[in-house]
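**Student:** Residue numbers (numbering that gives the first Met the number 0), protein chains in the order written: chain A, 0 to 409; chain B, 0 to 169; chain C, 0 to 99; chain D, 0 to 666.
Any given hint could turn out to be false.
As the list claims (entries may be wrong) - Mimicking DSS-like on lysine-lysine, the simulated pairs with C-alpha atoms at most 25 Å apart in a straight line are:
| hint | chain 1 | residue 1 | chain 2 | residue 2 |
| --- | --- | --- | --- | --- |
| 1 | B | 25 | A | 78 |
| 2 | A | 148 | B | 25 |
| 3 | C | 54 | B | 141 |
In short, the hints are calculated from the structure, not lab data.
What follows is each chain in one-letter form.
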Amino acid sequence: MDFLSAHAEIIITLIKIALLMFIVLTVNAYLTWFERKVVAHMQSRWGPHRVGPHGLLQPLADGAKFLLKEDATPAGVDKFVYFLAPLLALGLALTSIAVIPFGPDPIRVFGHNVYLYIANPSIGLLVLFAITALGVYGVALAGWSSNSKYPLLGGLRSSAQMISYELALTLSVVGVLLMANSFNLTEIINAQSHPAWGIGFLGWNIFSGPFPQILGFFCFFVAAVAETNRVPFDLPEAESELVAGFHTEYSSFKFAMFFIAEYTSMITVSCLCSILFFGGWLSPFPQSWTFTYYLPSLLLIPAGLWIIWDGIRYETIFGKIILPGLGTVFTLIGVALLLPPLQFINVFIQGPFWLLGKILVFLFVYVWMRGTLPRFRYDQLMAFGWKLLLPVSIVNVILTAFFILLRSKP
Amino acid sequence: MNAPLVVFFVLAVLAVAGALSLIFQKHPIHSALSLIVVMVALAGLYLLMGAEFVAAVQIIVYGGAIMVLFVFVIMLLNAGLEEHTNISKLAGFPGILLALALTGFIGATVARSAGLTQVTSGNGNISGALSATRELSTMIFKNFAYPFELTSFLILIAILGAIVLAHREN
Amino acid sequence: MVPTTYYVALSAVLFGLGVLAFVFKRNIISIFMSIELMLNAVNLAFVAFSQSSGKLDGQVFVLFVIIVAAAEAAVGLGIIILIARHRQSLNVERMDLLKL
Amino acid sequence: MPTYPMLDYLWIIPLLPLLGSAVNGLLGAKWPNNIVNSVALGATGLSFACALEAVREFFASGQVLVRKEFFDWIGVPDVVHGGWLFRAGFDLQMDQLTVVMLMVVTGVGFLIHIYSTGYMAHEGGYYRFFSYLNLFMFFMLILILAANYVLLFVGWEGVGLASYLLIGFYFLRKSAADAGKKAFIVNRIGDFGFMLGMFLLFRTFHSLDFNTLFTSVAQHNWPIEPWGQFGTFTIACLLLFMGACGKSAQLPLYVWLPDAMEGPTPVSALIHAATMVTAGVYVVARSNILFAHSETALVVVAVIGCATAFFAATIGLVQTDIKKVLAYSTVSQLGYMFLACGVGAFSAGIFHLMTHAFFKALLFLAAGSVIHAMGGEQDMLKMGGLSKKIKWTFATMLIATLAIAGIPPLAGFFSKDSILLNAFNKPGGGHILYGFGLFTALLTSLYMFRLIFLTFFGKERYDEHHVHVHESPWSMLGPLVILALLSIVGGWLAAPTLWGGTDYFTAFLSPVFGHAEVPPGFDEAAAQQIEWVLAGVAVFSALLGLAVAYWLYLKQPNKPAGIAKSLGPVYTTLWNKYYVDEIYAAVLVGPLMWLSRNVFWRVVDVEIIDGAVNGIAHGAREVGDVSRRTQSGNTRSYAVWVVIGAIVIIAVIFWPYLKPATVGMVR
């Protein structure tokens with residue numbers, strides 16, 4: 000017992016890490032499902048719907064497949080690097096989540112303050128960028144070590160592309176940093192919590208401040224998409240040109256690692272977008288509207304009811320059983336949050352609730368783009384990065400600094 | 000044997016190992032990787048010394064830009080294993096000897112001057128890391144404004160030079 | 000607290016290894032990397048001294064060194080690419096056109 | 000306390016012409032004429048306006064000497080006691096003398112610029128011409144505004160340069176190029192003396208700044224060196240005067256001025272009549288205190304001046320080239336000025352300088368107008384009867400002639416009269432000088448009217464069909480008229496002396512010359528009579544000259560030839576300008592040529608200098624042959640060399656730490 004109390008911090012941190020890992024991986028899994036569904040509907044298809052109702056169990060099936068497939072290592076690869084690359088990619092991607100704060104104030108568990116982040120370094124943003132910067136190696140080395148031409152091309156592309164877009168990525172947040180006057184993500188969010196006329200979303204960096212960071216957000220988001228090698232910047236894995244790009248030679252779980260890494264970094268980027276430009280966990284409504292505390296339940300209950308209704312009409316028995324159950328669970332949680340004894344939880348989940356909401360929006364945008372946009376040509380990519388994004392973000396920096404100076408001068 | 004010391008030794012060993020493997024790896028990519036290891040280890044040491052910003056920059060610029068550039072070039076030129084020619088007599092045994100001698104010199108200098116540096120060891124009054132970062136920025140943009148601008152020019156020239164060099168004229 | 004001397008000693012060792020690589024390696028890119036290694040060693044010494052003396056100048060210098068290294072890498076690698084194109088070899092010992 | 004902006008920014012006055020020169024010289028090549036000359040005129044006109052304003056403020060401020068230090072140019076600071084061991088700053092000063100010179104230079108210069116726009120309209124190298132002209136203005140202004148000898152010397156050399164460039168303006172014509180070189184070289188001789196004089200002055204008084212120098216001289220009331228004693232003052236003054244001789248074309252260095260007429264006529268008017276050549280007079284007047292301390296120097300100045308005046312006048316009698324005549328007349332008038340300075344009448348000299356600037360500039364411009372009218376013809380024997388054709392030119396030139404001949408009440412009369420008076424009053428040998436001066440006056444009016452009659456009267460001696468005479472444009476006539484007015488009224492400043500009043504000019508300049516002027520040796524009443532008498536005599540001689548000229552060149556046009564034949568050798572001597580050029584060629588040029596060809600070229604240049612250069616090159620090659628062996632061409636070896644260098648450096652720098660002995664001393 001005293002061991003626990005002695006090393007409480009470490010233990011709590013470990014638990015948090017494990018929890019976060021679990022959540023992130025699950026979210027990853029269901030992100031794939033979500034993506035496939037959305038894209039499918041955009042292309043007026045059904046998408047996965049065999050495994051489980053609405054294909055809800057598809058991710059599990061995929062996971063199992065990844066685990067059980069044969070792990071073929073091509074001949075003539077540089078073994079060490081070949082194994083290192085996916086580890087690097089996944090490790091870095093997961094690490095980057097660690098510095099993201101999910102909520103403002105700690106939750107008290109067994110008399111311990113449990114903060115909603117794993118680490119809160121004073122230079123959090125820089126740490127994130129550092130990790131992103133190292134992320135290149137995963138792709139580049141994978142491409143090189145495969146000892147095969149398509150991956151090599153993919154690796155080359157990715158390294159060039161990432162170097163090019165990192166500049167814009169880093170420069171585009173300078174405006175935010177200037178306004179928050181800090182590298183620390185928590186402080187950046189708190190800096191946005193003083194909206195005009197108390198209307199929440201007016202305090203967000205994208206709308207408020209001496210100089211609304213619309214340009215900055217544009218550059219950041221585009222550059223971030225490029226950094227995560229997603230459509231329309233997915234040249235490293237341009238399946239129509241390079242088979243599968245840098246991970247052509249990777250199979251089964253190593254491939255899965257790249258896969259997970261990509262989706263994790265998507266989540267990270269979404270978090271960053273919402274934290275840097277959309278006020279993180281701050282609610283968009285005026286603080287005076289207390290009823291917003293009940294929004295979670297107000298969303299959960301109808302959703303649950305709808306799922307029940309939908310489940311009843313579902314074809315398969317399986318679905319007829321599972322979906323209503325899920326629905327009732329949602330509904331019950333929602334109701335429970337409304338009950339007086341449990342209302343205090345609302346206070347705790349406000350922050351995470353809004354943050355996750357925003358993250359979801361951005362993830363949807365990701366998927367949306369994939370569903371709509373064509374891929375860039377390589378020269379277009381470079382020209383876009385160097386001739387548009389970089390100058391624009393520099394202009395943004397200058398303007399922001401200028402307006403801050405204006406304001407600071409009485 | 001307190002915690003920082005442990006961390007230091009771990010990182011130091013890491014760095015030296017990286018440097019050694021940089022020397023003894025046959026393939027440039029491996030050398031590059033080992034150099035990256037060294038750099039990350041150094042970044043850790045900077046963190047240990049409370050120079051958070053420098054650490055971050057070390058990883059972002061060195062790890063994320065320069066070394067990527069190296070890897071990129073290696074991949075681009077498809078550099079193979081290093082061939083072991085010994086055309087230069089001087090660079091053979093005597094060269095290595097001389098290099099060791101230089102190391103010895105520096106080491107001796109450090110050892111002899113140990114006392115002088117030890118006097119103020121560790122009582123660096125760099126207050127909290129963030130404010131340190133702030134001070135750093137103040138220094139760069141106030142005290143070192145002129146050199147800073149010069150470096151920006153240097154970068155510009157370097158960019159132009161790189162373009163001119165890599166531009167295949169035909 | 001770690002004595003500054005340790006850091007300086009480490010930087011000396013790294014620098015020496017850099018020099019060694021500088022002499023030992025044949026591949027021009029590796030030689031370039033060994034130069035970077037030396038620069039890093041110097042940076043370490045800089046930061047150590049800045050920390051021991053409580054002044055930030057050392058760290059500023061480190062930043063400058065990094066900038067210069069970046070510029071150097073850009074130009075140097077450009078040159079290397081040219082050389083590789085022209086001479087089809089990265090071995091410095093094959094680049095002996097300066098000979099009389 | 001009123002502020003005097005123009006005085007505070009005195010440097011603007013010289014700067015403007017420099018800008019004009021730079022703009023025209025650098026950009027003007029492609030520009031149309033009107034832009035070029037508007038730039039040049041703008042620069043000169045502005046600086047003229049600034050000069051006027053400066054003069055106004057000078058009077059308003061009521062100071063005697065305005066002195067501004069703008070920046071240190073050359074300086075040797077005295078580290079021990081502070082201050083300067085030697086300082087030649089860009090310091091400009093303004094006193095009454097400067098005012099006069101400033102007005103003359105900027106005013107006449109401006110007029111001549113206007114004139115040039117018309118005169119040069121059809122010449123090539125228009126922009127070049129105006130660029131040079133502005134450059135000259137700049138240096139001339141530096142010269143007269145300078146507050147120390149060094150800066151003055153800058154202007155001095157600068158005007159020399161400008162003069163060289165402008166004499167050789169038609170550099171395709173060999174004679175022009177040679178004339179330019181001649182002027183430059185002869186001036187060098189004078190400048191050599193000038194520099195020596197400066198050195199001597201500095202060595203003696205430890206300063207070359209006018210203010211410090213003169214005040215120190217005045218305060219330590221040094222003894223006036225009597226005749227024949229060669230003290231510092233005498234030597235310094237003689238050396239300075241050597242420079243003045245070169246610049247102002249006095250014996251024996253006058254030879255360059257007649258040839259300088261190769262330049263365009265406006266140049267002859269501006270540089271070689273009105274302004275530059277008077278620089279010598281200016282310098283002598285500027286250093287009047289020094290000269291006043293040495294009788295020898297004064298006597299030498301007076302004698303040389305007088306001699307030159309007479310000598311040049313005699314040559315002028317027989318010249319047939321209209322500009323040559325004017326050139327010799329300039330030389331002789333300059334002689335007058337030096338004569339004045341020599342007898343201690345500096346203000347009279349400056350006065351004559353001013354009036355001479357007016358009417359001589361006018362004469363040259365009018366001559367230019369004549370040449371222009373005759374389509375480039377300069378020989379008077381091929382002119383004649385122009386008075387009816389070009390009335391304005393004739394009228395203005397006549398006025399100028401009357402003025403220079405000393406017919407009252409025109410300017411020349413008063414200035415020349417005061418010079419002669421002062422010469423007469425000069426105790427000891429003054430009368431001789433006066434005699435020569437008077438005779439020169441007669442000669443002056445003689446050759447001037449000869450010019451007039453040959454040019455404007457008598458029957459046309461040119462071919463009507465080839466030359467169609469035409470009056471010049473108003474851009475040329477305007478300046479003529481203005482200058483004519485000036486040469487009429489210019490002298491009235493001194494008019495009151497006739498009825499015993501005060502000479503305004505002298506009074507005005509007295510702050511500068513007050514302590515140097517020699518007082519008349521006798522009472523006012525007597526002076527009054529003498530004044531009248533001398534004036535009468537002067538006028539009479541002038542009229543006599545006029546009469547003779549009339550008789551010779553209108554009544555009996557064939558007489559002159561007869562006379563020439565009758566006194567053959569004299570005439571030929573005069574015609575050949577006393578063979579001075581030939582003598583110089585024989586005595587100086589020949590030996591020098593021999594020396595430089597056989598010694599400096601064959602021995603010094605070829606053997607020593609070239610030998611040294613080749614030797615060095617050879618040595619370098621040998622060394623290279625040896626040292627290139629280290630260049631194995633192998634990069635790794637070079638790397639090792641770098642390492643070795645590093646080792647050496649560390650060993651050197653950190654020796655105190657590496658020395659075994661210092662084990663104990665660590666900590």
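**Student:** Any hints from earlier that this structure breaks? Give me their numbers in increasing order, please.
**Tutor:** none
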